[in-house]
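Residue-level listing of the chains:
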Amino acid sequence: MSPSRAFAPALVLLLLAALIPVFVTANTVLNFIVFTLIIALAAQGWNLLGGLCGQFSFGHAAFFGSGAYAAALLQARYGVNAWAAFTAAIAFAALVGWIIGYLSFRSGLRGSYFALVTLAFAEVFRILANASAFTGGAAGTLIKLDIRPENFQFASRAAFVWIALALVGFTLLLTTAITRSRLGAWFAAVRENEDAARALGVDTLAVKLKAITLSAGITGAAGALYVQYYLYLDANIAYGSWISIEALIAPIIGGIGTPLGPIVGAVTLHGLGELTKLFAGGIPGIDLVIYGALLVAAIAFAPDGMMGLLQRLGRGKVTPNTTASTTTDAKTTGARTEGAA
Amino acid sequence: MFAPDIIFAAVLNGLMTGSVYALIALGLTLVYGVLHIINFAHGATLTAAMFAVYVAHTVFKLDPYIALFIVTPLFFGLGYGVQRFIIGPASHGEDRNILLVTLGLSILIENAMLAIFRSDTRSIDVPYAFSSIDLGFTFLALPRVLAFGVALLVALLLGLLLTRTDTGKAIRAVAREKTGAALAGIDVAHIYAVTFGLGAACVAIAACLLMPTFYVTPRAGNAFVLVAFTIVVLGGMGSIPGALLGALFIGVVESLCGLFFGESLGQIGIFLIFILVLLVRPTGLFGARA
Amino acid sequence: MTKTTELSRRTLLTTAAIGGAATIAMPGLLRAQAPAIKVGILQPVTGALAYDGQQGQIGAEAAIKAINEAGGIKSMGGAKLQMVFGDARSTPEGGTAEVERMQAEGVVAIVGGFASPICLAASQAAARYDLPYIVDVGVADSIVTRGLKNTFRFGPGFGTVTRTALDNLSKLNDAAGKPAKTVVLVHEDGLFGSGMAKLMQAELPKRGFEVLDTIAHPTPSRDMSNVALQIRAKNPDLVIPSSYYGEFALLARTMQQQRIRPKGIYAVLNGAASNFRFVKEFQDAAQYVMDCNHWHDPRKPVAEALRKQVEASGKFWTYNIPLNYSCVLLLADALERAGSGDKAKLTEALMASTFAGHIMPYGPTKFVNGQNEGGAPVNTQVQGADIKVIFPTDFADAKPIFPVPA
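Protein chains in written order, with my numbering: chain A, 1 to 341; chain B, 1001 to 1290; chain C, 2001 to 2406.
One chain only, chain A, in its complex shape (with noise of 0.2 angstroms):
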């Protein structure tokens, strides 16, 4: 396939999506195209380590946290522009993500023994962050609220769409462009058989490492944004599991391992959220059964994601690599686990 037709419909989908905010001025719908964005960000993270490299991760709050409070802390305790805060973000989350990659992967960490040290590790954060006078503590952080563009605040939703937009649009792009380079291949050696990956020659730990860094830096950056849009941190939206989750499913639901496939996952489950409050009656509680409901029928009907789905329906109009992996989880989960009781 030549590249400008792996391009052309992710390109032709941001332009078309770059164009609400000029025809919808609701703000609920802005507030909530703004709020997907950010989790299809974080998922876009998640996806490229999980889903292209096989590496499955509960941790990534790990980044998300990470990237939130640089972003927060530079502008409150620091005084740093918030442009020069978002980019420093960025590269702190990824640091986060080496340090914790050449951790685990260097002792060799796979499958869920990798997934629950990510979460160990965003654990421990989340309780010294809530502890550390440094971070606010409990009281958490507070970004001043002054709305000028230089302070990356802006007095419209439609403004936050774009950067949003613009930051999933590049990464869309990127993770496209990873898929068909060589590194992309790497990804695939290692998430298909690292050991033969390995046995042929591939610095598996390297591979990993960029993985997980480029992973780390895309999340962080979702979680520096959250922070931007709302302006207030605490450990528990920085580091707690409900980021972890969500950047999880968000691919496994929208196509795991293809580009689109976070961002597909991202709207598709807050599309849901949205269309279940329609049932919040009375009683409080009914609208997430009626969501958990059928985030279980989803997966029964659709059982390769979202992507997979469409692919069935329109019979394989969609961009390449969308079968990613099925033997991948077998595999990434059941390894080093044999052998039980």
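Any given hint could turn out to be false.
[Unchecked claim] Taking lysine to aspartate or glutamate pairs in the EDC-like style, the calculated list, with each CA pair at most 16 angstroms apart, reads:
1. C:LYS2198 x C:GLU2210
2. C:LYS2300 x C:GLU2210
3. C:LYS2181 x C:ASP2237
4. C:LYS2149 x A:ASP146
5. C:LYS2181 x C:ASP2167
6. C:LYS2315 x B:ASP1005
7. C:LYS2280 x B:ASP1125
8. C:LYS2234 x B:ASP1005
9. C:LYS2343 x C:ASP2130
10. C:LYS2178 x C:ASP2237
11. B:LYS1061 x B:ASP1120
12. A:LYS144 x C:ASP2141
13. C:LYS2234 x C:GLU2203
14. C:LYS2280 x B:ASP1120
[Claimed, not checked] Partial pick of chain A residues on the chain B-facing surface, computed with a CB cut under 8 angstroms:
15. ALA91
16. LEU95
17. SER104
18. LEU109
19. SER112
20. LEU183
21. ILE256
22. ILE283
23. GLY285
24. LEU288
25. TYR291
26. GLY292
27. VAL296
In short, the hints are calculated from the structure, not lab data.
None of these values were measured; they are calculated from a predicted model.
Heads up, the beta-carbon is just placed ideally off N, CA and C, and yes, glycines get one too.
Assemble chains B and C onto chain A, guided by the hints.
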């Protein structure tokens, strides 16, 4: 800085708390060992079981220790049905889908409890709640001592079930080699469901032991899940003795860290040990490799 | 694809709005001549804070009902209040999304939020539209100190609560002949517990108390035995706990079971110590526990009537109910004086409020930078099966029992 009797009392507390963790971790590790899935609905199952005990006590006037004999088989049946008729078919045998199905179920169960029971914190009042054994330097709450004994007994029975019965042997066969077991004539779907049922039953027992001294809200079970995950990994995934020893170990670690570093920071102790153990010895502390 | 989902979502949201309005407008048989005034009630009724949200909603609903039954807003032709309820889902982003929806539905103001993070995010979202936002609880002082013109807090913040708690503690201790000299602080490690403990640690020594230890614990906690052990090891005269319901109930139970009997338990902003469920279910453990917290004014017949009404419906009385009830009355009074739902006029009216018809023990309302200067906590003590007010003395309905009789 603390007198020896306080430290000793903290260790005893840790062991008793750990025994409840053990029951929850046993269920999780069993399901993991056989189905190779991480069950996100485990916490919600615990909550549901605690509400079942609550209803048994308030509506049917049943003591939690009597209710144990009803709630446990009930949850075995529920667990069996959920795996056989929901998780199995909905996940199409893919691990990542099972993950999502159990996540969906946990959202469903938690909020169903919220819708039915509302968000009030509920507890039951039993006459022996404040009975204690006087050891001279500390008091041991009777319900917690009972919980400790029952947890050990359940772990023992579960071990016997797996090694001495035909079903247990079938479970172990499926855990080791699914395809081979199927070829040998074992109904894998049935064994999966039985395993899931046993996991739910363990949680139901834990709920019966917890309720005399704990409380229930629609989110109460979640508090126990993360720690149960760490125990399962520390003990070596799928290992019954590992889960038991890991749970008692974590209980004591948590207790002592809490004593010396405060309850909040003490929680870090659990996760740091978890990370260190994994980095140094990735098969788990008790690395049970059958 | 994005385009179509976008369209359907928009239709969806409109339907949601209509559906929501239809369910809420149920008792609208006597459709009044004047159009209804929409009031946003924001509470977390799902997620971790669901209990407090549920209690807050009870109070707000009761107030709207009472106002409408009394003839609505008279200066606006007897217009009725119509509740637009939003579930903040116990998260800041959930609160923000609901503020956007309420604004789209045309509410004149928003009341509620409960937790500080939700209040911070929601009041800021409302500030974009200059939409008046009345905080019900949210004790973090940053809510009112960051200069949002639309944000008003009716109840007291951290600073005021701590100061009052300490003043009353000194009075209590002095009156009893200074039996308490040493203190152990127990607090949940979230925003309110930690903030409280920090202030207490700084202030207690100035008043002659020695802080032997400060024990933070997470919410939720699985076990409070070790906290009890630490208390026993330090053997303080006084335990000062700031925790949510579940943890304090566990702690009180464990202390009783371990026979740990300090001279007093003096809770501050505690989730259980002034909750009737706690008193009913753990009467022994609850006995003589004192709390410095939000509380209704027992002198006001409306407050007592509301309490009876809530208890008759099988619910427990907590401070969220009178606080939200009062916040809605405060808004109704401002609407009455503004004579319109215009946001700027309403904000003006709130700023100038001297409202005294509420059911809290605050006296006339006076906002300075959005904070009600009259807002103050009350000291209560569990005595028998009841929760009595022991401070301030001018409307206390019982004398404090301290130290706890052996």
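Quick rundown of the hints versus the structure:
1. C:LYS2198 x C:GLU2210: 14 angstroms, holds
2. C:LYS2300 x C:GLU2210: 38 angstroms, violated
3. C:LYS2181 x C:ASP2237: Roughly 6 angstroms separates the two Cα atoms, so the pair holds.
4. C:LYS2149 x A:ASP146: Roughly 13 angstroms between the alpha carbons, so the hint for C:LYS2149 and A:ASP146 holds.
5. C:LYS2181 x C:ASP2167: This hinted pair holds, its Cα atoms lying about 15 angstroms apart.
6. C:LYS2315 x B:ASP1005: 44 angstroms, violated
7. C:LYS2280 x B:ASP1125: 11 angstroms, holds
8. C:LYS2234 x B:ASP1005: 13 angstroms, holds
9. C:LYS2343 x C:ASP2130: Between C:LYS2343 and C:ASP2130 the Cα gap is close to 7 angstroms, so the pair holds against 16 angstroms.
10. C:LYS2178 x C:ASP2237: Given that 16 angstroms is the threshold and the Cα spacing comes to 10 angstroms, the pair holds.
11. B:LYS1061 x B:ASP1120: Cα-Cα ~20 angstroms, so violated.
12. A:LYS144 x C:ASP2141: Cα-Cα ~14 angstroms, so holds.
13. C:LYS2234 x C:GLU2203: Measuring from Cα to Cα gives roughly 20 angstroms; hence the hint is violated.
14. C:LYS2280 x B:ASP1120: 14 angstroms, holds
15. ALA91: 24 angstroms, violated
16. LEU95: Violated. Min distance 18 angstroms.
17. SER104: This interface hint holds because 7 angstroms falls under the 8 angstroms limit.
18. LEU109: Because about 5 angstroms separates A:LEU109 from the closest Cβ in chain B, which is inside the 8 angstroms limit, the hint holds.
19. SER112: Given a least distance of 6 angstroms, the restraint on A:SER112 holds.
20. LEU183: With a closest approach of 23 angstroms, the A:LEU183 hint is violated.
21. ILE256: With a closest approach of 7 angstroms, the A:ILE256 hint holds.
22. ILE283: 5 angstroms, holds
23. GLY285: 3 angstroms, holds
24. LEU288: 4 angstroms, holds
25. TYR291: 6 angstroms, holds
26. GLY292: Where the cut-off is 8 angstroms and the nearest Cβ of chain B is about 3 angstroms from A:GLY292, the hint holds.
27. VAL296: 4 angstroms, holds
The earlier numbered hints that this structure contradicts are 2, 6, 11, 13, 15, 16, 20.
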